[in-house]
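Colleague: Spelled out from the first residue to the last, the chains are:
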Amino acid sequence: MPDRNFEIEMQLFVDAIFLKYHFDFRSYAGASLRRRLRTAMARFSCDTLSQLQDKALHDSSVFPLLLDYLTVQVSEMFRDPEYFLSLRKEVVPLLRTYPSLKVWVAGCSTGEEVYSLAILLREEGLLERTLIYATDINPHALQRAEAGVYELERIALFTQNHQKSGARSSLSDYYTAAYGRAVFDKTLRRNVVFSDHSLATDSVFAEVQLVSCRNVLIYFDRTLQNRALGLFREALVRKGFLGLGSKESLRFSSCADSFSEFVRDDRIFQKKGAV
Amino acid sequence: MSTAPGRSQASSLPLGGKAHRAEGASAGTLPTLQGRVDAVVIGASAGGVEALSVLLPALPGRMDAAVFVVLHLPRDRRSLLVNIFAPKCAVMVVEAQDKEPVARGTVYFAPPDYHLLLDDGPQLALSVDEPVHYSRPSIDVLFQSATDVYRDRVLGILLTGGNQDGAAGLDTVRRTGGVTVAQDPLEAQVALMPESAIELGAAEFVLTLADIAALLRTLVQERAR
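These protein sequence lines map, in sequence, to chains H and E. Those letters in the first sequence? Residues 1 to 275, per my numbering, in order. Those letters in the second sequence? Residues 1001 to 1225, per my numbering, in order.
Don't read these hints as lab results, they were simulated from the structure. Be aware that a few hints might be false.
[Claimed, not checked] Away from chain H, derived, C-beta distances all over 10 angstroms, residues of chain E:
{"no.": "1", "residue": "1029"}
{"no.": "2", "residue": "1031"}
{"no.": "3", "residue": "1032"}
{"no.": "4", "residue": "1033"}
{"no.": "5", "residue": "1035"}
{"no.": "6", "residue": "1050"}
{"no.": "7", "residue": "1053"}
{"no.": "8", "residue": "1064"}
{"no.": "9", "residue": "1209"}
{"no.": "10", "residue": "1218"}
{"no.": "11", "residue": "1221"}
[Claimed, not checked] Here are the in silico distance ranges between beta carbons for each label pair:
{"no.": "12", "chain 1": "E", "residue 1": "1120", "chain 2": "H", "residue 2": "64", "range": "26 to 34 angstroms"}
{"no.": "13", "chain 1": "H", "residue 1": "238", "chain 2": "E", "residue 2": "1175", "range": "53 to 61 angstroms"}
{"no.": "14", "chain 1": "H", "residue 1": "261", "chain 2": "E", "residue 2": "1221", "range": "34 to 42 angstroms"}
{"no.": "15", "chain 1": "E", "residue 1": "1131", "chain 2": "H", "residue 2": "50", "range": "25 to 33 angstroms"}
{"no.": "16", "chain 1": "E", "residue 1": "1094", "chain 2": "H", "residue 2": "24", "range": "28 to 36 angstroms"}
Keep in mind that this is a model prediction, so the values were computed, not measured. We put the beta carbon where it would ideally sit given N, CA and C, even for glycine.
Sequences are here, hints too, so could you generate the full structure?
Modeller: Written out as structure tokens, the structure is:
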């Protein structure tokens, strides 16, 4: 049996956050949520989750900070380079056949994946005719994504990943280093729309050829996973592509029959032709 | 901290610092596990493959508990652990998948670059939250989540390694009423990891690999006795 008090408090906490701020964590996977809440409790010097709830409700400066603890995944550019290599080799040739393209990066957090895709599309000559929707529930993360500024010490890893992704250029072509930071070329985001969107409560807003949503679904329970996958299915054109994280799959989901495995090892799926 | 198989120290002597036992930690005597344990959580870093090669083959074919292992690994390579251990073990050995229901009598390895957690069900959960002690998967994350789901029905085992990951997690297992074991730092390939747990007072039992293997053999199903 789990710690009964904590379980009660956790349920009350997510209800309180939903009622007050309309952020819906009620269908998040328990294990990661517990861990993140405990981290936040330590950060805000709370002995119990009830104390943290009190702060979150009554001190308006706390909630935005708390939201970072609950939502932000620090990713890296070209994380899992093989995924991007497969996009380049297997998916891009088909994307090329569309006169204009729309791509949805769902749960973009601080934007590393958005810039990775933008660079890849530019290298493949597709960025100019692509519109990228970069969505997240955390406004602070979206601001950082839009700024496109990353610590310089992370760039060595980003560069390594980029090279392994079948790069046709050097990552250094896309940023300027200044004061310990790398500022990414703003022309990369000329066709990027950063927008607040919740996979838990919002609906589909566009028709797209590619959805990339990696390591987001692992934080959801099955019900919410099914909801999110349903949105992706609805947003994708016939034969559109869905990219998931390297340990995510459609097995056991209610959408399993709507997709076929396109590049199995790199978790790239294709929406089936017949509806 | 990660070490590839075959690259670890040839010496079996501890490398780092002095090895000593905490007050109250008992050496040599084995705890009684009968009917007490549903989850065995094991953490290791440098030298871990060799240590696990002694322990995992000792797991009885008919075992009531499920076993969860975090071994620090290079992050950008597909793990070979299942290929290494499955042929040597009497139980199922698999790489953990997100939302997979826990099956008794199975060994689950954390995949590289993901934290492995236990969740209600019980089922497995993965996350890409920040590394803990520079480690993802982290032993602390696994151990702490195990106590959320299994409470006092956890056996925590911390093995060789040159990193302090796992000490806090083992302490959580102890405080929640589970059984905690650290490998004897005197025989660990790298002593820092078990030593850190012992210094924290997290390890109720400090045992050699041979004794831990003997302990695991007692995990055989009640009705098979």
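Colleague: Work down the list of hints and note, for each, if the structure agrees.
Modeller: How the hints compare with the structure:
No Cβ of chain H comes within 10 angstroms of the Cβ of residue 1029 of chain E; the nearest lies about 29 angstroms off, and the non-interface call holds. Residue-level check passed: residue 1031 of chain E sits 22 angstroms from the nearest beta carbon of chain H, beyond 10 angstroms. Residue-level check passed: residue 1032 of chain E sits 22 angstroms from the nearest beta carbon of chain H, beyond 10 angstroms. At roughly 20 angstroms, the least C-beta separation between residue 1033 of chain E and chain H is larger than 10 angstroms, which holds for a residue marked as non-interface.
No beta-carbon of chain H is positioned within 10 angstroms of the beta-carbon of residue 1035 of chain E; the least distance is around 16 angstroms. Listed as a non-interface residue, residue 1050 of chain E keeps its Cβ farther than 10 angstroms from every Cβ of chain H; the least gap is roughly 27 angstroms. Every Cβ of chain H is farther than 10 angstroms from the Cβ of residue 1053 of chain E; the closest lies at roughly 25 angstroms, confirming the non-interface assignment. At roughly 18 angstroms, the least C-beta separation between residue 1064 of chain E and chain H is larger than 10 angstroms, which holds for a residue marked as non-interface.
Every Cβ of chain H is farther than 10 angstroms from the Cβ of residue 1209 of chain E; the closest lies at roughly 30 angstroms, confirming the non-interface assignment. Consistency note on residue 1218 of chain E: stated as away from chain H, and its beta-carbon is indeed over 10 angstroms from all of that chain's, at 25 angstroms minimum. Listed as a non-interface residue, residue 1221 of chain E keeps its Cβ farther than 10 angstroms from every Cβ of chain H; the least gap is roughly 22 angstroms. Against the hinted window of 26 to 34 angstroms, the Cβ-Cβ separation of residue 1120 of chain E and residue 64 of chain H comes to about 29 angstroms, which satisfies the hint.
Between residue 238 of chain H and residue 1175 of chain E the beta carbons are some 55 angstroms apart, a value that agrees with the proposed interval 53 to 61 angstroms. Remark: the range hint 34 to 42 angstroms for residue 261 of chain H to residue 1221 of chain E is upheld by a beta-carbon distance near 38 angstroms. Checked against the given bound of 25 to 33 angstroms, the beta carbons of residue 1131 of chain E and residue 50 of chain H, roughly 30 angstroms apart, stay inside it. For residue 1094 of chain E and residue 24 of chain H, the hinted distance range of 28 to 36 angstroms is satisfied, since their beta carbons lie about 33 angstroms from each other.
Violation of the numbered hints given earlier is absent; every hint is satisfied by the structure.
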